[in-house]
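**Student:** As given, the protein sequences belong to chains A and B, one line each in that order.
Numbering (our numbering) for the first sequence: 42 to 150.
Numbering (our numbering) for the second sequence: 434 to 552.
Since the hints were made in silico from the structure, they are not lab data.
All figures in this text were calculated on a predicted structure; none of them were measured in a lab.
Just so it is clear, CB atoms sit at the ideal spot from N, CA and C, and this is done for glycine as well.
You may find that some hints are simply not true.
Here are the computed distance ranges between Cβ atoms for each label pair [stated by the list, open to error]:
(1) G464/B with R122/A: 47 to 55 Å
(2) P447/B with T58/A: 46 to 54 Å
(3) T463/B with D138/A: 20 to 28 Å
(4) T52/A with Q498/B: 14 to 22 Å
(5) Q434/B with P102/A: 13 to 21 Å
(6) T463/B with G137/A: 37 to 45 Å
Now the stretches of chain A that chain B is said to cover, found in silico as 3 or more residues with beta-carbon under 8 Å [what the hints assert, rightly or not]:
(7) 57-66
(8) 107-120
(9) 140-146
Residues per chain, in single letters:
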Amino acid sequence: QAVVTQEPSLTVSPGGTVTLTCGSSTGDVTSGHYPYWFQQKPGQAPRTLIYDTNNRLSWTPARFSGSLRGGKAALTLSGARPEDEAEYHCLLSYSGDWVFGGGTKLTVL
Amino acid sequence: QVQLVQSGAEVKKPGASVRVSCKASGNTFTGYYFHWVRRAPGQGLEWVGWINPKNGDTNYAEKFQGRVTMIRDTSISTAFMELRRLRSDDTAVYYCATDLSAMVVAAYWGQGTLVTVSS
C-alpha cells in the first residue's frame, strides 16, 4: 500500500501564510489522485475543506486554497486566524482505494 | 441539510465484534456512498471502506478484508459497519461520511463512535 506523507507539525503567525504538503511514496501526486484536504479539531469530526486538488466546498473559507506543487498536493492558508489551529489531513485516491496522510498539526502562534 | 448520526460508544473485549450504525437524514439515502474512516489514539485518519447504498456494493481496505462487513438498511436510511475479531489496536473513533455529489465524496461526517477494545 502507498504511504502518504505530511509534515508532522507547522507553526504560522496570525495573519501569516503557510503551505502544507502531501506526498506519495509511489511518485508524483497528480490530479488523478483526486487530493482532498480535511480539517480536524480536538474532539470533533473531520471537516472537508478541499476536493479534487483545488476546489473549495461552500463552507470553506477563501483563505484556504489547494494546488499541486513540486510533485505534491499542497494546502495554502493565507491570512491565518487563531481558529485555524487544527490538524489537517490529506487524502489521496489510488484507483478507488483511499490513503490518508499522517496529518499535520498546525499551530497559529 | 444532511445529517449523519452515529450510535453510541462501545466497550468490547478482544476477539469480540462491534457494529456501528450511521443514520442519515436530509438527503436521498441511496444516492450517495457511505464511507467509514477511523482514528486511533495518536494516529492519523485511516480509511476502512465504503458501501454503495443503492445496490450494497462494497470496497474494503485490504487491511480490513475478512474482518469488516458494511451493510445498509434503506428502510431506515442507516448504514452499518461491523468489525470482527477485535484487537486492542482497533481502539479508535469510527466515523461515517457521505458524499455531497458524485464529484465530492465524504463531504458530510457523523459525530464519531468511540470503540474501546480492552480485556
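**Student:** Now tell me if each hint is right for this structure.
**Tutor:** Hint check:
no.: 1; hint: G464/B with R122/A: 47 to 55 Å; in the structure: 35 Å, violated
no.: 2; hint: P447/B with T58/A: 46 to 54 Å; in the structure: 47 Å, holds
no.: 3; hint: T463/B with D138/A: 20 to 28 Å; in the structure: 23 Å, holds
no.: 4; hint: T52/A with Q498/B: 14 to 22 Å; in the structure: 40 Å, violated
no.: 5; hint: Q434/B with P102/A: 13 to 21 Å; in the structure: 19 Å, holds
no.: 6; hint: T463/B with G137/A: 37 to 45 Å; in the structure: 20 Å, violated
no.: 7; hint: 57-66; in the structure: violated (count 0)
no.: 8; hint: 107-120; in the structure: violated (count 0)
no.: 9; hint: 140-146; in the structure: holds (count 5)
Checked against the numbered hints above, the structure violates hints 1, 4, 6, 7, 8; every other hint is satisfied.
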